[in-house]
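For the sequence shown, position 108 matches number 89 in our numbering, and the numbering has no gaps at all.
Calculated directly from the structure, the hints in this document are not laboratory data. Keep in mind that a hint or two might mislead.
[As the list claims (entries may be wrong)] Per label pair, the in silico range of CB-to-CB distance:
| # | residue 1 | residue 2 | range |
| --- | --- | --- | --- |
| 1 | K16 | M285 | 30 to 40 Å |
| 2 | L(-16) | N139 | 41 to 51 Å |
| 3 | S172 | F290 | 42 to 52 Å |
| 4 | V175 | M(-18) | 46 to 56 Å |
| 5 | T302 | D52 | 40 to 50 Å |
| 6 | R144 | V175 | 48 to 58 Å |
| 7 | K87 | R144 | 23 to 33 Å |
| 8 | M140 | E287 | 31 to 41 Å |
| 9 | G236 | E25 | 33 to 43 Å |
No residue lacks a Cβ here, since even glycine has one placed at the ideal position from N, Cα and C.
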Amino acid sequence: MALDLNNKSILVTGGTGSFGKKFVEMVYARFPQVKRLVIYSRDELKQFEMSQIFPHSKHNSIRFFIGDVRDGERFKRACEGIDIIVHAAALKQVPAAEYNPMECIKTNVLGAENVINAALDCGVKDVVALSTDKAAAPINLYGATKLCSDKLFVAANNMKGKRDIRFSVVRYGNVIGSRGSVVPFFLNKRSEGVLPITHPDMTRFNISLEEGVELVFHALANHWGGEIYVPKIPSYRITDVAEAIGPDCRQDIVGIRPGEKLHEEMITETDSINTAELDKYYVILPSTPVWNANDFLKANNGKMVEMGFKYNSGTNEEWLTVEQLRAQIRKHVDPGFTV
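Work the whole structure out from these sequences, hints included.
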């Protein structure tokens, strides 16, 4: 189904982050008649900086609301007249979450509950929440909170009653060039001649911001409610990232950090019983759906995966080479990047 966001009112939580800015950019490029685009976040400086990129004089539909998803009343007020919520707000740094567990729970779990309650109370039609590969078989608190969040959004479809609303989730891996990720970290460190490697066998999934936004667009256009959409994307080896960025740098092995995996998973073996394969995506179907799974498969030209299937960055069939990684860095991170 083709997506049309013209004449729609959209709210993005955590809207001043990397995803939020790219989402706004792509919405305005593709749907110039969007009715209202609300950026909901708690950092006034980031909102000011984003307002310089998307000034009201050029984009008169944009609105900046200061607020925290922890504050249910404030968020409910922000949702008045909203058609679509894209929930991107989260505390995401693994070490910070391990050290400050309740703060992570308040934002990622209780904040998700506030988003759901406001959407149900305010007549919102579509909600898509962003997830992470760390939510699959989590071993750290951040991943555990995002798994909790995913479960809340999937289950929200069971409590909507007669409301015309759908809740779904999109789950993807590391976004190349996002704040705090390995590529900008290595780019900053390469001048020192040494790149710290946690483990030589470590792998990760890779996705660009544009691809992440396209996944959200796909979910908004096609979701039935309760799905977890997972894109088919390549993996990379951390040593190849280091080679791509600093071929002359020494690679020092520093050890895996607390709460970190050697490989990431987006679909576990246990999930395979409820996982469908579509053309560009896998979809984890809700275990207690409010619709017929066979009808979903037929409508989307999909099929169920084999029992025991898992989607793991270490056993993925598609890999980025060193040269492909360099091309990705030039395209998505630093156009002037050279080695």
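Each hint tested on the structure:
1. For K16 and M285, the Cβ-Cβ distance of about 39 Å falls inside the hinted range of 30 to 40 Å, so the restraint holds.
2. Taking the beta carbon of each, L(-16) and N139 are about 25 Å apart, not inside 41 to 51 Å as hinted.
3. S172 and F290 have their C-beta atoms about 43 Å apart, which keeps the hinted 42 to 52 Å range intact.
4. A hinted range of 46 to 56 Å holds for the C-beta pair V175 and M(-18), which are about 50 Å apart.
5. Separation of T302 from D52 is about 46 Å and conforms to the stated range, judged on CB atoms against 40 to 50 Å.
6. Checking the proposed 48 to 58 Å range against R144 and V175 shows it holds: the Cβ atoms sit about 56 Å from each other.
7. Separated by about 27 Å at the C-beta atoms, K87 and R144 satisfy the suggested range of 23 to 33 Å.
8. With their beta carbons about 33 Å apart, M140 and E287 fall inside the hinted range of 31 to 41 Å.
9. Range check, G236 to E25: Cβ separation about 38 Å, and the 33 to 43 Å hint holds.
Violated hints amount to a single one, hint 2; each of the other numbered hints is respected by the structure.
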